[in-house]
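Asks: Hey, can you work out the whole structure from these sequences and the hints?
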Amino acid sequence: MNLTKTINGKAGKRGAALSLDPLRNWWAGAPGWQRWAVYILLIIGGVFLPSEAIGSFMAPSGASWPSMLSDQIAIYVLLALGLNVVVGMAGLLDLGYVAFYAVGGYTIAIFAVRYHWSFWETLVLAILFSALAGVILGAPTLRLRGDYLAIVTLGFGEIVKRTANNSSFVNGPRGVQGIPHPPSLSEFEIFGVQPLKYGLLDSRPYYYMLLAFIIIAIIFVRRLDASRVGRAWASIREDEDAAELMGVPTFRFKLAAFAIGAAIGGSGGVVFAAKQTSILPANFEFIVSALILAAVVLGGSGNIPGAMLGAFVVAWLPERFRFLDEYRMLIFGGALVLMMIFRPEGLWPSRRRKAELAEGGGGMGSMGAEVAGPGQSETAEVGK
Amino acid sequence: MLDDFINQFWPSTIDGLALGAIYALLALGYTMVYGVLRLINFAHADIFMVGTFAALWTVRTLGVGTVGGIALVGVVALSAVVAGLITAGSAMLLEVTAYRPLRKRGASRLAALISAIGASIFIQQLFATVVVYRVFGTSKEGGRLPVDEHFKQLTNVVDVGPIQISNDKVIIFVGAVLMMIALDQFVNRTKLGRGIRSTAQDPETAVLMGVNIDRVVSVTFVVGGVMAGVAAALYFLRFEQTNYFVGFLLGIKAFTAAVLGGIGNIRGALAGGFVLGLLEMYGSSLFGSQWRDVVAFTVLILVLMFRPTGILGESLQQARA
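Residue numbers (our numbering), protein chains in the order written: chain W, 1 to 384; chain F, 1 to 321.
Derived by calculation from the structure, the hints in this document are not laboratory data.
Certain hints may be false.
Unchecked claim - Okay, the calculated bits of chain W under chain F, using three or more residues with CB under 8 angstroms as the criterion:
(1) 27–33
(2) 142–154
(3) 158–169
The structure displayed is predicted, hence computed values, not measured ones.
The beta-carbon is built from N, C-alpha and C at its ideal position, and this holds for glycine as well.
Replies: The following block contains the structure:
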């Protein structure tokens with residue numbers, strides 16, 4: 001056992017050479033005004049992100065940078081924030097996250113097209129519905145642990161997709177067309193953009209809407225994480241049995257994590273559907289769940305900026321390297337493997353998560369399908 | 001609805017057993033790797049896909065136009081051998097390149113899962129963009145690659161009492177059961193099999209007792225690969241077509257079967273495979289074939305609600321296999 005500890009300690013140090021510790025230390029000690037300055041700078045950066053100067057580097061090959069931002073990157077960032085609650089904070093492995101995204105998309109498709117509800121009404125409804133879907137999936141299955149939960153969520157994702165595919169109510173595989181754009185809030189123009197006018201041509205208003213959603217989601221999740229709820233999630237993630245014994249109602253908190261993650265995913269689905277004006281069951285393939293999970297883990301699961309960075313990388317890299325044409329997904333797959341080999345804790349892990357991971361078997365929370373004691377990874381070290 | 005079910009009962013049972021045999025063979029690979037490494041090896045489905053192309057290559061290279069009868073069975077057996085060898089090699093390569101470095105660095109299981117997803121995308125795309133075109137000279141999808149008409153002899157039908165069984169399903173069932181028996185003997189009777197069981201039970205003690213973990217893991221992947229290869233050859237015999245995406249849904253189903261039976265448990269994987277195959281076929285005769293995947297996953301959720309560790313319970317060692 002001592003042997004494993006020292007080896008893991010070394011592995012931890014090796015990782016630390018590349019880490020962001022100085023930055024982190026400064027952040028931990030930074031006074032309030034400095035933090036606010038950083039927040040404001042980040043928001044200003046977010047507002048100017050769709051500008052052409054940035055776009056010429058980010059999307060040089062003629063692809064539209066604003067639509068890349070709104071269709072891919074911002075949606076993925078929002079979804080990664082939602083999945084991060086489930087996987088990163090509560091430690092529940094969800095492989096069917098796309099189901100909630102689909103519930104959001106289909107809610108607006110049904111209510112806006114059939115019953116002519118307005119965008120904002122359907123948004124509220126979709127958030128409620130997807131949270132409800134999270135509860136419906138979670139209530140019977142959250143007693144399962146680890147990989148059983150993973151496969152059940154995967155199955156749920158497939159059930160939602162296939163049901164949409166088979167239901168004539170939503171036109172089966174042809175999907176729903178003619179979903180209205182959100183009503184424009186105002187026509188005012190600033191720097192050649194009309195940020196509140198939602199039309200067909202300009203993607204930037206949708207990006208700004210998503211940016212607003214992302215900011216709200218960050219504040220919401222951040223506040224939760226720093227509260228009693230967040231501490232409960234951390235305790236569930238680290239050792240569910242101990243948490244239960246200490247009086248944490250683990251089931252309720254796991255259900256809450258599922259519902260919150262689902263609600264964020266559903267809101268992403270609404271914006272996606274309203275932007276595209278049509279949705280197909282094929283938009284909600286398993287690969288989307290896999291990519292968003294990859295984003296969360298790649299960025300550093302449990303850490304909000306990390307998950308956003310991961311989502312950005314996952315959404316942007318294949319688009320940026322579109323000139324590689326058909327080989328881009330090949331390279332992307334290889335890159336995922338390599339990144340996991342060289343930074344298994346993610347690009348930007350939270351400090352707490354890193355400590356959990358360095359400790360070995362723990363830190364995977366309830367993913368450790370009822371294996372008490374050390375995980376396999378460190379024992380493999382011993383075998384060396 | 002019920003009439004369809006009753007009329008279709010025997011055909012669905014036979015289809016279900018044939019499908020279940022393929023699920024079970026594939027589930028073995030998932031369950032063994034899970035038992036030893038606690039890793040959902042997502043790329044296993046793509047190893048299977050590699051196997052289907054190996055089987056296709058064998059059948060086309062041999063050119064089955066002139067042979068018939070027993071020789072045709074020989075061709076199928078040979079295609080299974082070739083597919084098994086190639087998939088065993090690919091599985092080994094996968095382990096060495098994608099998973100071993102992670103194990104050496106003590107990465108978390110979540111990182112290993114992402115690595116598995118990455119490897120899965122990589123293998124799929126490798127076939128989509130390079131291999132299929134270079135080797136088979138067809139479009140990137142693979143699609144329906146034509147096979148000699150003669151191969152279809154195997155779908156001849158035999159009457160057994162009121163039931164009609166086609167030859168290929170008999171071959172699939174017999175072939176799969178033979179492989180399962182071989183595996184069961186291997187895991188229970190040989191020294192390496194004991195190594196696998198002991199590693200699954202308690203890796204740390206296994207190391208102290210002199211088990212070479214790296215070798216055990218490699219052997220596990222190789223054995224899983226062989227099973228996937230045979231499953232691929234049998235699948236190809238049944239459906240006579242393949243593409244780079246063929247492993248995806250089948251892989252998910254096979255993993256579902258493994259979980260249904262109790263993950264990490266070899267006999268559980270067999271039971272789960274057959275149960276899932278049968279239920280899927282009964283489900284599609286009851287509700288229509290477009291709902292069969294929904295039926296399969298709903299059954300999974302229901303089973304896990306009442307038996308949270310699968311039908312036979314988890315772990316390689318508890319069920320003594």
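Asks: Now tell me if each hint is right for this structure.
Replies: Okay, the hints, checked on the actual structure:
1. 27–33: violated (count 0)
2. 142–154: Contact hint for the region 142–154 of chain W vs chain F: holds, 9 residues under 8 angstroms.
3. 158–169: holds (count 6)
In summary, the structure is inconsistent with hint 1 from the numbered list given earlier, while agreeing with all the others.
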